[in-house]
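There are 8 protein chains.
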Amino acid sequence: MAKFKLDDIDHQILEMLIDNTRVPFTDIAKKLVISAGTVHVRVKKMEEAGIIKGSSLTLDYKKLGYAFIAYVGVFLQKTSQTKFVLERINEIPYVTVAHITTGKFNVFCKIRAKNTEHAKDVIFMIDDIEGVYRTETMISLEESLNDKKRLMHSIFNNM
Amino acid sequence: MAKFKLDDIDHQILEMLIDNTRVPFTDIAKKLVISAGTVHVRVKKMEEAGIIKGSSLTLDYKKLGYAFIAYVGVFLQKTSQTKFVLERINEIPYVTVAHITTGKFNVFCKIRAKNTEHAKDVIFMIDDIEGVYRTETMISLEESLNDKKRLMHSIFNNM
Amino acid sequence: MAKFKLDDIDHQILEMLIDNTRVPFTDIAKKLVISAGTVHVRVKKMEEAGIIKGSSLTLDYKKLGYAFIAYVGVFLQKTSQTKFVLERINEIPYVTVAHITTGKFNVFCKIRAKNTEHAKDVIFMIDDIEGVYRTETMISLEESLNDKKRLMHSIFNNM
Amino acid sequence: MAKFKLDDIDHQILEMLIDNTRVPFTDIAKKLVISAGTVHVRVKKMEEAGIIKGSSLTLDYKKLGYAFIAYVGVFLQKTSQTKFVLERINEIPYVTVAHITTGKFNVFCKIRAKNTEHAKDVIFMIDDIEGVYRTETMISLEESLNDKKRLMHSIFNNM
Amino acid sequence: MAKFKLDDIDHQILEMLIDNTRVPFTDIAKKLVISAGTVHVRVKKMEEAGIIKGSSLTLDYKKLGYAFIAYVGVFLQKTSQTKFVLERINEIPYVTVAHITTGKFNVFCKIRAKNTEHAKDVIFMIDDIEGVYRTETMISLEESLNDKKRLMHSIFNNM
Amino acid sequence: MAKFKLDDIDHQILEMLIDNTRVPFTDIAKKLVISAGTVHVRVKKMEEAGIIKGSSLTLDYKKLGYAFIAYVGVFLQKTSQTKFVLERINEIPYVTVAHITTGKFNVFCKIRAKNTEHAKDVIFMIDDIEGVYRTETMISLEESLNDKKRLMHSIFNNM
Amino acid sequence: MAKFKLDDIDHQILEMLIDNTRVPFTDIAKKLVISAGTVHVRVKKMEEAGIIKGSSLTLDYKKLGYAFIAYVGVFLQKTSQTKFVLERINEIPYVTVAHITTGKFNVFCKIRAKNTEHAKDVIFMIDDIEGVYRTETMISLEESLNDKKRLMHSIFNNM
Amino acid sequence: MAKFKLDDIDHQILEMLIDNTRVPFTDIAKKLVISAGTVHVRVKKMEEAGIIKGSSLTLDYKKLGYAFIAYVGVFLQKTSQTKFVLERINEIPYVTVAHITTGKFNVFCKIRAKNTEHAKDVIFMIDDIEGVYRTETMISLEESLNDKKRLMHSIFNNM
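Protein chains in written order, with full-length UniProt numbering: chain A, 1 to 159; chain B, 1 to 159; chain C, 1 to 159; chain D, 1 to 159; chain E, 1 to 159; chain F, 1 to 159; chain G, 1 to 159; chain H, 1 to 159.
Since the hints were made in silico from the structure, they are not lab data. Treat the numbers as computed from the prediction; the structure is a model and nothing was measured. Virtual Cβ for every residue (Gly too), placed ideally from N, Cα, C. Worth double-checking, as some hints may not be accurate.
Unchecked claim - Below, a list of computed lysine-lysine pairs in the DSSO-like style, where the Cα atoms sit at most 27 Å apart:
| hint | chain 1 | residue 1 | chain 2 | residue 2 |
| --- | --- | --- | --- | --- |
| 1 | G | K149 | H | K53 |
| 2 | D | K63 | D | K5 |
| 3 | H | K104 | A | K104 |
| 4 | C | K149 | B | K104 |
What the hints assert, rightly or not - One side of the interface only, derived from the structure: several residues of chain A facing chain D at Cβ under 8 Å:
| hint | residue |
| --- | --- |
| 5 | K120 |
| 6 | E136 |
| 7 | I139 |
Construct the complete structure from the given sequences, taking the supplied hints into account.
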């Protein structure tokens, strides 16, 4: 788990990209008083090192009709089925996050659905995977916070 | 909760941006055989309608030394403190997600930390917020899935 | 708790009213080959004895925009507050049923709301009653059965 | 889920029927200063639209010897059995309500019985349904509230 | 469940026997100013009516080397096995009480054992009964009260 | 905790008394071919040593109108209140057994009541004791076993 | 379970060895003003009686890269498998303690691992043992106390 | 958390000390064909580096009259009291291990006591610490494994 060494220039480039992934490299270059080519090389290197894995669009799911969020705890019949079950879960697009966890659940998922009825269908898809023994659902009444930018800035400030 | 009407061109633009938020508008234009100006106008409209809320960088937190993920269930003394507590939680950068939930917890958070010791510190920060009565933590042993792209594609395919 | 004695005619009148509370007494009289006056007297007597407490309309709450059903378990700070809390709960029209229960909850309620957001508001109304310590919510994904007619027929068949 | 449009006259008719399902249409007509025929047509239309699904008699179950109320949480072996189990539950007249739920139970029922011994029999009937894995029972010590009229009035007042 | 009618003399006889089952009938007779024969007849009648089912010696189990008390909750695989399992439990002399219960357990037992090690053996005997799925044990740290005499006196005072 | 030494004669006397506390000493003497005086002396000695603490009548509580049995788990605010709370519990005649326990409850009680309504009153009496924080109730659907005689015989056979 | 009788000299020898198992017998002899031979004989006798079972090195596991401690509760399919499962657990060196317990778990283990990922592997090893039905893990955020010396001194002071 | 570098000689010395902390350095020297002085220097260095923190005697607690082991989960009123409570717990010699944990408990302890009664006293000592809100106890029916030697050997074999 040897860490890739990021220098101050890298940090500043990342800081700008975190705030807006679509910022042109020429803007970054101007701000940091370096050449656009340098920005390009640095970003490429961070991508090759696997530090930047990509970028994702932040959509308003409520406006798209997907206002329902729930967390689903999954109990397996045998932990040896974990890999197989995770592959099946991966085929359900409404599951956006899945973790192997400690505590009472074997796998813990986050789902997004249109409404109560659709959520029931998604939960039943998970329940019907071979090897899934039981599920327990906790429903979100409000997504009050969903923001990794504060974390990213904090990481680079502390480095 | 009236839904903004997206047409087929909008969907195709979104599909391309979902896969790569940094794709140049000229590339989108070429692919969809429309002008770059049209792409620009459409994206602007979707941003103004609040459907596109922004974009975020996907970093490899493990490589950045933040390999520890946990879910923290928060019990409040009184639900009337919910708003106040969420504001305090919002000040802790290591909390990346927070929901008001049904079930046994009042608030349910996701945290990222460097290691067990750092996680303890973050949990104690939450525990020390006025109005927080108790917390319960579930630790992720592996983040097996964290991907909203499949959901986004599924939404536009079903529209 | 001495039981009012219902005879066979009473049972048959009740059986017809259970199926349709609006059935005219003359129809009941014709069917049972008794006078409409007798039906009237019998029903009056059952009302006075408190056996018939009234009648209620069965509406389709989904069509009225109230599709969300949840069960809310309430923990009190002291059971001596039970009566006071139940009076406050009684002022919230979205709570349709409330029981004092054994097991982990002190009071157990059924609520109907418009959607997740409205449900949150209703739950917060309960949470904010003085003497309520905490609540736990279980959400209905589908109301599969809500029918007392089978019970009523069974009671009169077994009498 | 397009909502049937109810106008003010409909609301007022419903308000009167909610309070007494047996009120003659001529009384409603007189009160609202419309013809009895109009009342008839309006009610018919609301029945055809499925908004009015019927009416039910409110009996005093205690006086009929059915004083015992319990909530029974049902765990299934597989959620694919949900439909089958609900059909079996539907054959037990002592189960008056059944929901598919989130949280720890798959199905959640309300039962009415004569006494502890009879409740045991009813619970055992549920337990013996094929596909039912386990049940958990919570007993009502007092039905403090069971009233949908406040909700109905609130719905029409808020429309 | 028609109740046998006990008169005041019966109550007073029971009151004396409750305090000391070995009190001679002549002493009771003298105290109540009736004949010993009457006492005899009354006690016989109460035994035949099944009100008096017998008497039991109160031993000091600690002094006999059986200081360990535990409550064992039993989960069954199927409730249809309840009768069979209770018969097997009945063959273990260290189980002194067993109930069919509501809540999370199917059967709830009280056991007395010599010490931790012996308790483990007794719990394993229960666990090994066919149809028993799992058990959960709660250990008594002190038997602070075990006395039905107060109840008996209260019953006769309230009659 | 030195154990009083019981010899074979003591065991045989106890065995007879266990089966019937009212058996005359002359019958015991005849059966064991010893003098009635010896029986008297032995019993006296066992009473003085505290091994025999008394005897109790076994009544049919169902026939006496006390058919309802429940177990009540008590949570205290502070364990330092244990002694005080147990003294208050001791004043409620419907509580027949109380233990200080491990696991989630501080004190665990057995109660007998007339019916659901009376049980509610008894539970509320416990809930209202100063220092009691919360209670959880588990209801007995059937008392399948309540017999210490098998244990007593087993003890003397194993000695 | 007859206790070996330790005299005052034995206590003092043990007290010194508890503080430092490597203390030379000649040092103990000098301090207690007895011969080294006597120390040797006494220690031998305590070893033969099984009171001293050995000695163990106290290493700093954090410095050795094993900073992760967790408690794992194990549920078995049948308690008759307890012995077999414990033998398999005994083959996993990362499990340092295992108990048969009351309460919800059948077996309760303490594990030490390198980090979250390694802990997952160790937990999966336990999960994969035949007869293990499910496990639940609780993670240590800090080992605040691990010291039997205070207990040992207390035992000898109280003897 | 930089790791001290142990070479092969260090490993072999540790391996021998793990099996018997009292093995003379001359024996180690002979076995590894190095001088006793070298052994001495190496051990000293490992002690100074904090890798070897000491050694502890393994006594048979059963034979010493301390056969009762329990795990006690502690809930605090506020996590800010953690440090204070741990200092108080540290004053109770019967608590041999204490961890700050994730999951439902704030602190998790292991205790050793003479018997049920003594365990009650120890649990009450913990319960009476200021800031302790509640405790939950799980009792060990058998200590099936308590051995860190397998772990130590495994660590050095894997290095």
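Each hint tested on the structure:
Proposed proximity of G:K149 and H:K53 is supported: the alpha carbons are some 14 Å apart, at most 27 Å. Between D:K63 and D:K5 the CA atoms are separated by roughly 41 Å; this puts the pair beyond 27 Å, and the hint is violated. Restraint check for H:K104 and A:K104: the C-alpha separation of about 11 Å stays at or below 27 Å, so the hint holds. At roughly 35 Å between alpha-carbon atoms, C:K149 and B:K104 are farther apart than 27 Å, so this suggested pair is violated.
Interface hint status for A:K120: upheld, as the beta-carbon distance to the closest one in chain D is roughly 7 Å, under 8 Å. For the restraint placing A:E136 at the interface with chain D, the shortest Cβ-Cβ distance is roughly 6 Å, inside the 8 Å limit, so the hint holds. With 8 Å as the threshold, the beta carbon of A:I139 comes within range of chain D, its nearest partner Cβ sitting at about 6 Å, so the hint holds.
In this structure, the earlier hints numbered 2, 4 are contradicted, and the remaining ones agree with it.
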